[in-house]
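S.K.: Residues per chain, in single letters:
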Amino acid sequence: MLEMLQMGKYGAYVWSSYGLALFIMSYVAIKPLMDKKSIFKELTMKYRREAHTEEKQ
Amino acid sequence: MYNAFFSLIKRDLRLAFRHKSEILNPLFFFVIVVTLFPLGISPEKQTLAEIGPGIIWVAALLASMLSFDSLFRSDFDDGTLELMLLSEYPLSILVLAKIIVHWLITGFPIIIFSPLLGTVMFLSNDAIETLMITLLLGTPILSLIGAIGMALVVALKRGGMLLSLLVLPLYIPVLIFSSNAVGSSMAGLSISGQLYFLAAFLIFCITLAPIATSAALRVSLE
Amino acid sequence: MNAVDKTKIKAKSNPVMKFIYHFASPKHFYRISGKLIPWLGWLAAILIIVGSIDGLFFAPVDYQQGDSYRIIFVHVPAAWMSMFIYMVMATAGAIGLIWKIKLADVVASSSAPIGAAFTFLALVTGSIWGKPMWGAWWVWDARLTAELILLFLYLGYMALEAAIEDPRAAARACAILAIVGVINIPIIHYSVEWWNTLHQGATVTKFDKPSIHVSMLIPLLLMALGFKLYYATVVLVRARNKVLYAEQNNSWVKEIVNQNN
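Protein sequence lines correspond, in order, to chains A, B and C.
Using this note's numbering, you'd call the opening residue of the first sequence number 1 and step up by one each time.
Using this note's numbering, you'd call the opening residue of the second sequence number 1001 and step up by one each time.
Using this note's numbering, you'd call the opening residue of the third sequence number 2001 and step up by one each time.
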């Protein structure tokens, strides 16, 4: 098992490549999901504010 | 249409000669940049002859890069571009006239001065001849491609830096083939392949770049 | 009325175009893409996980390069995606430019950062692969150089988009830039390859193997497909965000946002 993970003498290269791919691709995927949350938050606040001013009038 | 084309060329040339710095500054820049390299690397003949073609060509790219403000900027500021857009003549023809003038006032002087710089960089006579031919074929391409980029950024306040980011990657084929042709002729090799490529690329750009430029101008002026 | 509006109206009277405009309407796009995303996302995840495990542990060892060649299963699909996404950007940009379909503009601008990320990934994995093979982190290999230039093109696109304030003007300017770029990419590739063969000679041609064994091809294709679906998922999520934000004053967005709480 350990031998398999070592990839001959190339373990560091192979694993760093796959690790970097994992890191970049998860960041690119997760970032818009977080943006989505903040957009929903912002719009909720905005609509609430609008509803509030309408009530006052 | 020909009338409009030629009168626009005449007008722009007259304007350029009124502001002589528009012609002289890119040229000075070109000469100064080339001069920096022997000082920065080494004045040795062998080294300079080897890197000379590339340096002269990179300097030509940068000089043409910095001169694009004169292409559309003043016409944009005083509203002439808007009139060109509304005129009855096809915009791409008028744009081509402006690009030709831009080449005449920036590219052409560089070609005239290139033998001097070639000598300073210890290029052989054959190589200097090739350098002039590649500049003759290559600098119009720079003007044509740069015009597309300039048309995209003309409405922006700080377009200069952005322009170089957009356009320099597209200059790479010209740089590769031109400086290689000069290097090859130093080594006494045949250069017809490189020159054919440059000529083909030039024709390609003459056909398509004015269309792209006028499309970009329409977007910028909206 | 200008010519642009006329073509739009003319296009809308054609039944096919009517359908496309209808489908591309922000509201429908939001609804349909919301249903698609989980499917695409999970499928992408499964393909990438299976492909990685197959590539890392089950594909046979290369007799020349040993285990280091396993980087190919990340590097090559990423390089393919970097090209593919630029093509998508140019095509979507052209569609937005010609038929004024806003959704196409949104797809084009949502694609750019993903494409840049894949280009960066392809560059770095190529360089990591190069270290054991060439003994240096960077070699001016034709493909790596071309990939580097592609990264410059992506960065220029994103810089232009960021510099123009009006989103519609930005989309149209970027579309023109992407089309010019896409026409130039083959020329750049050709010239870089030509330059490379002159200067490097026949040193290393590791990246283009004449043939590849089936047991290596399967994980490669799994990863390539997985990356494509991953891109489809992420681009939809990004496009949905942009659509939602741009349409925030419309009642359907209000409904969705209020339902979500």
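There's no promise every hint is true.
[What the hints assert, rightly or not] Derived DSS-like pairs (lysine-lysine); straight-line CA-CA distance at most 27 Å:
1) K1010/B to K1020/B
2) K2254/C to K2018/C
3) K31/A to K2228/C
4) K56/A to K2254/C
5) K31/A to K2018/C
6) K2018/C to K37/A
7) K2131/C to K41/A
8) K2254/C to K2131/C
9) K2027/C to K46/A
10) K9/A to K2228/C
11) K41/A to K56/A
12) K2027/C to K2102/C
13) K2102/C to K41/A
14) K2100/C to K2254/C
15) K2131/C to K31/A
16) K2254/C to K36/A
17) K2035/C to K36/A
18) K36/A to K2027/C
19) K2102/C to K31/A
20) K2228/C to K2027/C
21) K2102/C to K2035/C
22) K1157/B to K1045/B
23) K2100/C to K36/A
24) K41/A to K2035/C
25) K2254/C to K2035/C
26) K2027/C to K2254/C
27) K2228/C to K46/A
28) K2100/C to K2027/C
29) K2102/C to K46/A
Calculated from the structure, these hints are not laboratory results.
S.K.: Now look at each hint and say whether the structure bears it out.
M.R.: Hint-by-hint comparison with the structure:
1. K1010/B to K1020/B: Roughly 15 Å separates the two Cα atoms, so the pair holds.
2. K2254/C to K2018/C: OK: K2254/C and K2018/C at ~26 Å, within 27 Å.
3. K31/A to K2228/C: Holds - the C-alpha atoms of K2228/C and K31/A are around 18 Å apart, at most 27 Å.
4. K56/A to K2254/C: holds (20 Å)
5. K31/A to K2018/C: violated (34 Å)
6. K2018/C to K37/A: violated (33 Å)
7. K2131/C to K41/A: Answer violated: K2131/C to K41/A is near 46 Å, above 27 Å.
8. K2254/C to K2131/C: violated (54 Å)
9. K2027/C to K46/A: holds (20 Å)
10. K9/A to K2228/C: violated (31 Å)
11. K41/A to K56/A: Holds: K41/A and K56/A sit about 23 Å apart, inside 27 Å.
12. K2027/C to K2102/C: holds (12 Å)
13. K2102/C to K41/A: Roughly 25 Å between the alpha carbons, so the hint for K2102/C and K41/A holds.
14. K2100/C to K2254/C: holds (25 Å)
15. K2131/C to K31/A: violated (31 Å)
16. K2254/C to K36/A: holds (15 Å)
17. K2035/C to K36/A: holds (16 Å)
18. K36/A to K2027/C: holds (16 Å)
19. K2102/C to K31/A: With Cα atoms ~23 Å apart, K2102/C and K31/A stay inside 27 Å; holds.
20. K2228/C to K2027/C: Between K2228/C and K2027/C the Cα gap is close to 25 Å, so the pair holds against 27 Å.
21. K2102/C to K2035/C: holds (21 Å)
22. K1157/B to K1045/B: Violated - the C-alpha atoms of K1045/B and K1157/B are around 44 Å apart, more than 27 Å.
23. K2100/C to K36/A: holds (26 Å)
24. K41/A to K2035/C: holds (22 Å)
25. K2254/C to K2035/C: holds (19 Å)
26. K2027/C to K2254/C: Distance ~12 Å between K2027/C and K2254/C Cα, so the pair holds.
27. K2228/C to K46/A: violated (36 Å)
28. K2100/C to K2027/C: Roughly 17 Å separates the two Cα atoms, so the pair holds.
29. K2102/C to K46/A: holds (24 Å)
Going down the numbered hints, you'll see the structure goes against 5, 6, 7, 8, 10, 15, 22, 27, while the others check out.
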